Structure formats: C-alpha cells, structure tokens
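Could you slot chain B onto chain A? The hints should help.
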Amino acid sequence: MAEKENIIIESGDAVQPFAYSVGMHGSKFFAEIRDHQRFLGIKCSRCGKVYIPPRGVCGDCFAEMNDWVEVGPKGVIGTFTILRYAFIDPETGVQKPVPYGYGFIKFDGADTLFQHYINIEDEAKIRVGARVEPVWAKHRKGSIRDIEYFKVID
Amino acid sequence: MAKRVAIVGTGQTFHKSHRPDVNGQELIHEAVARALSDADLKLKDIDAIVIGNMDHFEGINYVDCWSVDGSGGTMKPIIKLTTGGTTGCTVAIGGYHLVASGMFDRVLIIGWEKNSESDTTGAITTAFDPIWDRLVFAGAISGLAAEAQAYMARYGATDRDGARVSVRDRKHAMNNPHAQLRKEVSLEEVLASPMLADPIHLLDVCPRSDGACAVIMASEEVAEKICPTPDWIWGTAARHSYSYLGDADYGRLTSMREGSQELWKKAGIKEPRKELDVIEMYQPYSFGGLIWIEDMGLVGPGEAPRYIWDGNTDMGGELPINPSGGVISCNPIGATGLIRCAEAAMQVMGKAEGRQVPDVNFAFSSGFGGCWWTDMILHGKKKPA
Numbered sequence: 001m002a003e004k005e006n007i008i009i010e011s012g013d014a015v016q017p018f019a020y021s022v023g024m025h026g027s028k029f030f031a032e033i034r035d036h037q038r039f040l041g042i043k044c045s046r047c048g049k050v051y052i053p054p055r056g057v058c059g060d061c062f063a064e065m066n067d068w069v070e071v072g073p074k075g076v077i078g079t080f081t082i083l084r085y086a087f088i089d090p091e092t093g094v095q096k097p098v099p100y101g102y103g104f105i106k107f108d109g110a111d112t113l114f115q116h117y118i119n120i121e122d123e124a125k126i127r128v129g130a131r132v133e134p135v136w137a138k139h140r141k142g143s144i145r146d147i148e149y150f151k152v153i154d
Numbered sequence: 001m002a003k004r005v006a007i008v009g010t011g012q013t014f015h016k017s018h019r020p021d022v023n024g025q026e027l028i029h030e031a032v033a034r035a036l037s038d039a040d041l042k043l044k045d046i047d048a049i050v051i052g053n054m055d056h057f058e059g060i061n062y063v064d065c066w067s068v069d070g071s072g073g074t075m076k077p078i079i080k081l082t083t084g085g086t087t088g089c090t091v092a093i094g095g096y097h098l099v100a101s102g103m104f105d106r107v108l109i110i111g112w113e114k115n116s117e118s119d120t121t122g123a124i125t126t127a128f129d130p131i132w133d134r135l136v137f138a139g140a141i142s143g144l145a146a147e148a149q150a151y152m153a154r155y156g157a158t159d160r161d162g163a164r165v166s167v168r169d170r171k172h173a174m175n176n177p178h179a180q181l182r183k184e185v186s187l188e189e190v191l192a193s194p195m196l197a198d199p200i201h202l203l204d205v206c207p208r209s210d211g212a213c214a215v216i217m218a219s220e221e222v223a224e225k226i227c228p229t230p231d232w233i234w235g236t237a238a239r240h241s242y243s244y245l246g247d248a249d250y251g252r253l254t255s256m257r258e259g260s261q262e263l264w265k266k267a268g269i270k271e272p273r274k275e276l277d278v279i280e281m282y283q284p285y286s287f288g289g290l291i292w293i294e295d296m297g298l299v300g301p302g303e304a305p306r307y308i309w310d311g312n313t314d315m316g317g318e319l320p321i322n323p324s325g326g327v328i329s330c331n332p333i334g335a336t337g338l339i340r341c342a343e344a345a346m347q348v349m350g351k352a353e354g355r356q357v358p359d360v361n362f363a364f365s366s367g368f369g370g371c372w373w374t375d376m377i378l379h380g381k382k383k384p385a
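Going down the list, the protein sequences come from chains A and B. Using my numbering, count along the first sequence one by one with no gaps and you end on 154. Using my numbering, count along the second sequence one by one with no gaps and you end on 385.
If you are wondering where the hints come from, they were derived from the structure by calculation, not from laboratory data. There's no promise every hint is true.
[Stated by the list, open to error] Just a few of them, taken from the derived set where beta-carbon distance is under 8 Å, the chain B residues facing chain A:
1) ASP119
2) ILE131
3) TRP132
4) ARG134
5) GLY139
6) ALA145
7) ALA197
8) SER243
9) TYR244
10) TYR250
11) MET315
The structure presented is a predicted model; accordingly, all values stated were derived computationally and were not measured. Backbone N, C-alpha and C define an ideal beta-carbon position, used for all residues, glycine too.
Chain A with its partners taken away, still in its complex shape (with noise of 0.2 Å):
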C-alpha cells in the first residue's frame, strides 16, 4: 500500500517575510505602553468617539483625528470567551496552549474595545461588565506583548 504523504505549509520556525507598519498613531501608543504604561487613544473632534487602538481617521466621520486622550488603565470586559479547542496558531506554527481568555476590554474613557488575553485562573468571576486591570511584562519592546492579560480586580 502507498505511503500517504501529506504537503505540510506552516510557519513553524521559519520567519514570515513581511515587515508590516503600524503607523505614526500606533507607533506613539506602543511607545507609551513601553515607556510609561499608559494607554493612549484619540478622539474624534467630529463625533467625540475615542478609539483605541488610536489610527488617523475617524471612520463614520471620515475626518483626521489628532487629539490624544489617555484611556484606562482600568476598565471592565466588554464581551469575551474562553478557548478551550486546540488549534495551530498561525502566528507561531505551534499549537496553542487552552483554555485561555479571551477579552475585549472597555477601558475608561474609551468608545471601543480593547482585544487581550483575560487571566481565568478563577473562571467564575469572568463575566461581560466586570473590573479589569492590566498586568504589564517585566521587558517592554514597545508591542502588543507589553501586557502580558488583563484580570479581574473585584
């Protein structure tokens, strides 16, 4: 009987060849979270919707934004789920370690949500509305990685 053979693509150790911008706005809120842990979102002059991330253009009201507001740190969980199947992580190659958190955080003072892991080590106090805080990496690179997740302070 033949050997099955299976075509195998993924990234595994191999370094994926793009070298992708985050812009001027994104550039300032990294460099804030590494350097000062603070979050930093914008405000639509237009509609007064802060964003974070923080990006150029207020999108409902097409208008270029420029005034920086700081958000948080604290907030509470606007949605989230747990992850409990298995499944190759595309941006690693290796498979991913669950059950983990996963959050969108309403910071104070911000109009949208804010995407990280969520520490579930007490599960039952995972729920949409409750108090969340961030737990910051000992080395901060200026990336999304500063935050190592966010847990519930009440």
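Frame of chain A; chain B shown alone:
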C-alpha cells in the same frame, strides 16, 4: 437606469466533508454543468463569468485563471471576487451588477471551496490586523463566541436558546440531499457536545465542507424566455462596520441591520416578518439565528428566543428559516453565500423539492464574513417595478 435582473438557473454539488475524487476545477464543473442544465442553456450562451472562493484557504491563488477548463471561462470575460465568508453572496451581487449594467445578458456566477484542503483558522486569521488583532484571535469561533456572550449578558438568553436553532437547522437538512450533515440532533446532544469557546458547543457551529454552487442571471429581455418563472432580484446590499475587531458593537450585527433596512426600503417592505416568506441566512453558528433576525427587524431586541421556541422559523411556521439546513449543516465557505442565494431562488421558482415552502413571494438570502460583515439579496416572484 439599471436593468431588471433574474436568476434563471442554479446548480450545486452534493457537498461533503472531503472530495478527494475531484480537484478544484472538476468540483466547479459539477456545479456549472448542473446550472446550465437547469436553465437549459449551453456554455456558448454565457456572456461573462464571476467566480470566487477564499483563495488563501487552499493556498492556490487566481481561480479565475486555473479553473477555466471546469468553469467554462476559457476565452470569456471572467473576473474573481473574494470577500471572505461573504464571497458567495458577493459574487452574486457582482453578477447582478454586470447584468443590471446592460453590458451582459447572461452571466454565470460561481462560488466554491475545498475546505478539506486547508487550515481554516490559519487562513481566517490572515483577514485580521497583524499587529492589533492576531495575538489572541482564534479564527471565526472566538469572535462568534464573544458576540454570543455579549448577547446573552444583554438580553438574558441561554445556551439552550442557541441549541434550539441548531436542532432546527439539522432537522431541516434532512429534506436536502445536497447538505453535508443529514442527521438530526437533539437539544441534549447539542448541549453535551464539547465546549469549543464559551458558550459555543461543537454542535452550535458549522462543519467544514467541500462544495461548489453556480447561479445564472439574465437580463429582463431574455430572462422569461429562458425560464417562465424566474427569481427576480429586488435589491442587494453589502456592509462593513469596523477596522479592528474591538470596534464592533458586540451583541448586535450592525451590518445586518443597516443592509436589511436598505433592502426593505428599496422593496417597500414595512413588516419583514409578515412580508418575507422564507429566509436562507449565512448563519454559521446557532446564536446568529437569534441575534441576527432581531437585527433584520423580524422581532424586537431580545425577542428572538421566544420566537424561535414557538416554532415560527421551523418548516410550516410563520417564516421558515434555512429550509436547506443552512450553514450549520454544510459550509463550503466560498460557495456558502451563493448556496443561500440559489436556495432562495429555488424557493421563489418553486424548484426546492422536499424543502419547498409554499407560495413564496419574497425570499431573503445573505452572506456573512470573518466576523461582522454582511452581504444580502432580496428575491421576489414578481418583476420589480
């Protein structure tokens, strides 16, 4: 002034989890041959082709090129449209635009996918921002679970309410020989199936399928000559609502609300629940069958569970939803939106056989993408004014 446009023929494969007996172009050909046969047309009658899938799924780009032997696209005007989960609905909207423009009288529209050949979650992840959205993202299911969780918190719905939708769709699939999963499930079985991402169980979500679908649209000058009772397109709509996933209003599908309002306005529909006769919705998970019918304005916010439990959306109910068994029973992603369109057209044309809803005047079909974008079509028996 746009021309009136009608669907005059449809064809689809018998969708399965794995079709190693055919390659992509051969799978596409099965659907195309059936659509041509249904319309009693030959390939030479076709003026242009629109084709699409999620080409990052199979990792083979440019299906408009490599499938021409199977699609019939050799030396014809052919364009590819790829919009993620909505692809199947988008190709239909694109075909509608081509015919409505007056430039082409008969357009062949194709959607297909061989999900068995791909890493679905890996591919879906590429639709999201690499810096902000990929760290915690886990494919479509994570986003859907977050929507369901928000809806439950806002309106007090439960996982039993979601499970009831799965039970309905899987029961309906028993009437559809083209559906992949043709085995009824009970409420208890849905709730006892493995938890993938709270509150979504395995039986709350769609499978991965291999399949293709083809639809032929014709202009008002030729439609009724090809088919005595064609399916008239009354309107189409497409909506996007965010740049980053955190921008969405979790618990509500804004794109569905805005797009469907556009359709109701175009057609003069005041009470969609009473005026629509059947819905084929791209509803890849059970809770979408609750949340999104509220966004369509069929019932008020938080009222969907009661409406579903009362059997209104079952076959024989006030407004049957997914007589085909829907996406929970079958999901060849790039074909899925076009299957919804074809199934709605078959309902209007009276060709839906064992899954036919009686006396269909208006039918609605939709496509859903990534998370939170929606395309949709309103179909009707009468020629639009």
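Comparing the hints with the structure gives:
1. Interface hint at ASP119(B): satisfied, since its Cβ lies 7 Å from the closest Cβ of chain A, which is below the 8 Å cut-off.
2. Annotation: interface hint on ILE131(B) holds; nearest CB of chain A at approximately 5 Å, less than 8 Å.
3. A cut of 8 Å between beta carbons decides the hint on TRP132(B): the least distance to chain A is about 5 Å, and the hint holds.
4. A cut of 8 Å between beta carbons decides the hint on ARG134(B): the least distance to chain A is about 6 Å, and the hint holds.
5. Residue-level restraint check for GLY139(B) holds (minimum Cβ-Cβ distance to chain A is 7 Å; threshold 8 Å).
6. For ALA145(B), the shortest C-beta to C-beta distance to chain A is roughly 4 Å, which falls under 8 Å, so the interface hint holds.
7. Interface restraint check: ALA197(B) against chain A, minimum CB-CB distance 4 Å, threshold 8 Å, status holds.
8. The beta carbon of SER243(B) comes within 6 Å of a beta carbon in chain A, closer than 8 Å, and the hint placing it at the interface holds.
9. The criterion of a C-beta within 8 Å of any C-beta in chain A is met by TYR244(B), whose closest approach is roughly 6 Å, and the hint holds.
10. Taken as an interface hint, TYR250(B) checks out: its beta carbon lies about 4 Å from the nearest beta carbon of chain A, inside 8 Å.
11. Interface restraint check for MET315(B): the shortest CB-CB distance to chain A comes to about 32 Å, outside 8 Å, so the restraint is violated.
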